[in-house]
Amino acid sequence: MFTIDLQSRKPISEQIYDNLRDQIISGVIASDAKIPSVREISERLSVSPNTTMKAYKLLEDRGYVYSSAGLGTFAAPREKWLDGNRLMTNAVELLRRAVIELTHGGADKEQVIRLASEIYEEVTKV
Amino acid sequence: MNLASSYFKFSPALFRENLKRFWTIPAFGMLCYFFAGLYPLIVAEASSERYYVLQMTARFLNPGFIIFSVLFPIITSVALNRYLFAPGSVSVMHSLPFTRGSMFFTNMLSGLVMMWAPIVVTYLISLAFMPNAYLAATDPNIGFYSAIIAGAETRISVGQITGALGTSLLLTAMYFLLFNLAATVTGNTPMHIIGGAFLSAVAVGLTGLVGTLSETMLFGFAIDSDMFINLLLRLTPIVYYPARGADAAVSMVIQTIITCVGLYALGSLMYAKRSLERAGDSLVYKFVEVIFVSIVTLSGMILMSAIISAIDQSNFPFNWGLIAGGVLSYAAVKMMAQKSVRIFNKGSAIHFGVTIIAVLLFLFSFRFDFYGYEKRLPNENDIESVYFDPMTTLRNYYSEAEIEFKSPDNIKAIMNIHRVIAEYGPNARVNGEDVIDYSANSISVEYKLNSGTVSRSWVTYADASHYVGDLLTILNSREFKEQNSVIEWAKPGINSISVSSGSYRDLNLNPVEFSEFLLALDADMRDEVFTADSVTLFPGTGIGVNLSRTRPTGYVYSLGRPYYQSYRSEYIKPTYTRTINWLNAKGYYENLRYQANRITVELFDVNSAEALESYEITDFDTLQNILDYGIFGDEIPTTGDSATDLTPYCVVTFYGLDERGETVQLARRSLSPEGAEALLRLKIALAGS
Amino acid sequence: MIKVSALNKRFEHVTALDNLSINVKKGSIYGLIGVNGSGKTTALKAITGVLRPDSGEITMDDLDVYENVRVKQRIGFIPDDLFFFGSYNMKECAGFYSRIFPNWSKEKYRTMAEQFGLSERRKLIRFSKGMQKQAAFILTMSSNPDWLILDEPIDGLDPLVRKLVWKHIVADVAERQMTVLVSSHNLREMEGICDSIGIVNSGKMLLERDLDELRSDIHKVQVAFGNAGDKLNNEKLEGFEILHIEEHGSIQQMIVRGAKEQVETIVRSRNPLIFDLIPLSLEEVFIYELGGGNNELGKLLF
Chain A
1 MFTIDLQSRK PISEQIYDNL RDQIISGVIA SDAKIPSVRE ISERLSVSPN
51 TTMKAYKLLE DRGYVYSSAG LGTFAAPREK WLDGNRLMTN AVELLRRAVI
101 ELTHGGADKE QVIRLASEIY EEVTKV
Chain B
127 MNLASSYFKF SPALFRENLK RFWTIPAFGM LCYFFAGLYP LIVAEASSER
177 YYVLQMTARF LNPGFIIFSV LFPIITSVAL NRYLFAPGSV SVMHSLPFTR
227 GSMFFTNMLS GLVMMWAPIV VTYLISLAFM PNAYLAATDP NIGFYSAIIA
277 GAETRISVGQ ITGALGTSLL LTAMYFLLFN LAATVTGNTP MHIIGGAFLS
327 AVAVGLTGLV GTLSETMLFG FAIDSDMFIN LLLRLTPIVY YPARGADAAV
377 SMVIQTIITC VGLYALGSLM YAKRSLERAG DSLVYKFVEV IFVSIVTLSG
427 MILMSAIISA IDQSNFPFNW GLIAGGVLSY AAVKMMAQKS VRIFNKGSAI
477 HFGVTIIAVL LFLFSFRFDF YGYEKRLPNE NDIESVYFDP MTTLRNYYSE
527 AEIEFKSPDN IKAIMNIHRV IAEYGPNARV NGEDVIDYSA NSISVEYKLN
577 SGTVSRSWVT YADASHYVGD LLTILNSREF KEQNSVIEWA KPGINSISVS
627 SGSYRDLNLN PVEFSEFLLA LDADMRDEVF TADSVTLFPG TGIGVNLSRT
677 RPTGYVYSLG RPYYQSYRSE YIKPTYTRTI NWLNAKGYYE NLRYQANRIT
727 VELFDVNSAE ALESYEITDF DTLQNILDYG IFGDEIPTTG DSATDLTPYC
777 VVTFYGLDER GETVQLARRS LSPEGAEALL RLKIALAGS
Chain C
816 MIKVSALNKR FEHVTALDNL SINVKKGSIY GLIGVNGSGK TTALKAITGV
866 LRPDSGEITM DDLDVYENVR VKQRIGFIPD DLFFFGSYNM KECAGFYSRI
916 FPNWSKEKYR TMAEQFGLSE RRKLIRFSKG MQKQAAFILT MSSNPDWLIL
966 DEPIDGLDPL VRKLVWKHIV ADVAERQMTV LVSSHNLREM EGICDSIGIV
1016 NSGKMLLERD LDELRSDIHK VQVAFGNAGD KLNNEKLEGF EILHIEEHGS
1066 IQQMIVRGAK EQVETIVRSR NPLIFDLIPL SLEEVFIYEL GGGNNELGKL
1116 LF
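For the record, the sequence lines run as chains A, B and C. At the far end of the first sequence sits residue 126, using the numbering used here, and the numbering has no gaps. At the far end of the second sequence sits residue 815, using the numbering used here, and the numbering has no gaps. At the far end of the third sequence sits residue 1117, using the numbering used here, and the numbering has no gaps.
If you're looking for bench data, these hints aren't it; they were derived computationally from the structure. Note that the structure is a prediction, hence the values are computed from the model and not measured. Backbone N, C-alpha and C define an ideal beta-carbon position, used for all residues, glycine too. Worth double-checking, as some hints may not be accurate.
Straight-line distance between alpha carbons at most 30 Å, and here's what the computed DSSO-like set of lysine-lysine pairs gives [unchecked claim]:
#, chain 1, residue 1, chain 2, residue 2
1, B, K135, C, K978
2, C, K923, A, K10
3, A, K54, C, K906
4, C, K906, A, K34
5, C, K921, A, K57
6, B, K412, C, K1019
7, A, K54, C, K1035
8, A, K54, C, K923
9, C, K978, C, K923
10, B, K607, B, K712
11, B, K146, C, K923
12, B, K146, C, K906
13, A, K34, C, K840
14, A, K10, C, K841
15, A, K34, C, K841
16, C, K906, A, K10
If you only want the chain A side, here are some residues facing chain C, beta carbon under 7 Å, derived [unchecked claim]:
#, residue
17, S13
18, Q23
19, I35
20, R39
21, S42
22, S46
23, P49
24, N50
25, T51
26, I100
Work out the full structure, taking the sequences as your base and the hints as a guide.
Structure representation (structure tokens):
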């Protein structure tokens, strides 16, 4: 579970949003998995449910979650993410830079691919 | 929200909690009533003792009951209203889902239930005891304890017990509601209690105050104790029940109930308007503070001026005590009301000034008779009869003036006399000082009207010479002669007859002689024709008659006498020939007759103790003439306080010989100016012949 | 929701409330912040129907509060000055409350009493002040109020108990959309839990805002231009309000209110030589929101 930083000038709802979004994007919360209720988050963080609900609304607006009446709120699959494409583009850009770094460091194509494979295995295992 | 739901809504939850948390009150009450009433009853050994307790209880004269009827309402009211006096409790209680009206109503009901339960239980138990006891017959001729001793057996009625029960319930309810009202306008418990006591006393106190002021300052006003008590009782149930107990008239019960309803309504209103944030302040409403401070200041002023006037004989109430009392009591009560010593500001000064002015106006209204009381005569058409004793204008001593005039001529004459006395007024005082001497007369009159009673009682310097004509009309009227008859007066039962003069005191007549003597005296009095001289000069023989009789009181005092004595005295005039002859024949006259050998006459100025002029008469014939003519004024006492307290106009001293042949003073008598003039005329005439 | 409009209240010569207005949205946790004597307690007492204001309106869900039993049955109030019936223990109080609050829940009461570990049989006046507060809290929450009003609730509670208290409040808000109005003199303690705050001083409302908005809207900007003519000055540009400007040489230090992206875009469009967007602590935010001159107040609140 994450914590919020009261000292930060970042609005609390934004912090909650960011944290949950990261967890969804990184797959910590799998697609279609249930995310904690507004109540649970509010209680755990000692924040007003209003604030939590703002975060959830934003998540819903941006397509990261969807709610099913009576059942709860769930993480949405990648396709639904509104800035899913931009993320992809950013990720690809990051990959390019990483590959540049690796080749400058002396890695060749097979090494890079092997590395990528290992990392993939590692990340999807969670 | 209509009236009903707002003011009379009942909350069972709150009611239940009140009873739960204050259960000690009815428990303790039960204990107290038991020890006050039932316990003495149970342990009383003698039946008379038991009876005494029962009597007191059944008539609500049991002091225990009376105390508790006042104490428990106060305790209950304090307990139920305490939450109003602290910010914490006030906030919590008023944030709960009740309206103020329902809280007030529910608290009131809770209190009544808690106080009435012990009373009702006690009386139910006593119903088992009481009817098996003795009650003296209510025949006024039978003494209280005699009846018990005689074994009279009558039950105490359930009606009497119920009456006493009802009185208890009404009295406790009234005090409770009164103290609840006080709670709604005060802000802490001490002020709550003071406020309640104040409210209970206001009616009584103001009545007493007005009565005292009227008596002191209105000419012709006299508090006769009956009248005063009756007025008080009519005014306030709070005085009534302790005084009259279970003998409550229906009207009084109704008045009490109306008072209770009024107290509740006022309390509920005050509570609804109360600013809760003033919990802890002495008085919650500004106007209550104004009234409270004003009344206390008024009382303080009067009290202080009364004290000062008693100390240095100054005028009541217009002396420096008035202002001193005003300043002191105003300061004290204002400090108490505002809970601070810092009362010296513009507002206080204005209030003080207004209060003083108002009080002075109030006092002046009496002093200068704004009400026209002194000059007011009743409407002639309204008068049914008038009680008036014309003989008091002639300074005869006579208790119980019960001569009742109905004839229109007499009534008119009386009213004329009234007018004269009122005109003469209280202002003709000798030297501006209030010295009562033998020139002042105590006269009273009581008019019975269709609409009630109007009475006056004067101490006046206007004597018979001011209203001779009217007085003669009355004295010579048949109605008067009949009412004044000694035989009628003696009918209930003559106790004693004595005759006295300057030379011999209190010769008691033999009871067998009573009827003869009375017949003679009565006939003489009926034949008497009053003249102008006879009412201003007091011709007499120097011989007086004192009669006493017994009369029943008319109601049974529980421990008092059912009869009382009354007295009458008459002067024997020179025209009472039958009486004088009788006294002569029986040998009394000899002893009574003045055997004077010298008379001195002194004329005084009112300002000095030294005689301005004095004459001595030793000539035997002149002496006898004077004695026969009967110019005798009032006896001047030679002993006692009033001996030195005199400023008479003219003093006549009689000297004679005693058994040993020595010259002694027989009598000193004072004459009015007219009498002195007549005496001197006589002397001169005799001297000339 | 709770709506207070134009409340005025005078005591003798003191104005306690001066045209005060408060708006609390449904399901919100609102913090009424002010120093002692600022009028918070008076406001709360007026809102719960204890005091009658000289003028103004107080409604909950558009229903008048004063002398309204139906509404008061749904209000839960814990004042700073606690009061219990003299000899009562918590169980007896619970009995009384259960009879006057129609939404009372016996299970909730039992659960909470156990959680807080308070003895039901002990006389409440024998409890310490902190425990009394806990008892009051249990009793009030068990009546399931729709509007919860608390005056300095966490004064005197230790951190563990505090957490428990907030947990329960948050749970009820999340579950039943209970509306909460809390008063405090310490903003720092409230800022986590409240989603809106109102700052009162001398009976007046100085500032009423959504806390999140407050955090995000104000920035410190440090900017310098090559051309003196390009300097920014006190004009209100769209979506961007300059609250305060200080100049040190050619560097302008500004406090601005506006959305972050907008500020960045607008300033960059002026081609500054130096441009820094610096985070502001919440204290600094407040000081500027309160008008700069209220530095003292800001210090007191933290």
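Results of checking the hints against the structure:
no., hint, in the structure
1, B:K135 x C:K978, "violated, 41 Å"
2, C:K923 x A:K10, "violated, 36 Å"
3, A:K54 x C:K906, "violated, 40 Å"
4, C:K906 x A:K34, "violated, 41 Å"
5, C:K921 x A:K57, "violated, 35 Å"
6, B:K412 x C:K1019, "holds, 28 Å"
7, A:K54 x C:K1035, "holds, 25 Å"
8, A:K54 x C:K923, "holds, 29 Å"
9, C:K978 x C:K923, "holds, 18 Å"
10, B:K607 x B:K712, "holds, 27 Å"
11, B:K146 x C:K923, "holds, 25 Å"
12, B:K146 x C:K906, "holds, 14 Å"
13, A:K34 x C:K840, "holds, 29 Å"
14, A:K10 x C:K841, "holds, 24 Å"
15, A:K34 x C:K841, "holds, 27 Å"
16, C:K906 x A:K10, "violated, 45 Å"
17, S13, "holds, 5 Å"
18, Q23, "violated, 20 Å"
19, I35, "violated, 15 Å"
20, R39, "holds, 4 Å"
21, S42, "holds, 5 Å"
22, S46, "holds, 5 Å"
23, P49, "holds, 4 Å"
24, N50, "holds, 4 Å"
25, T51, "holds, 5 Å"
26, I100, "violated, 28 Å"
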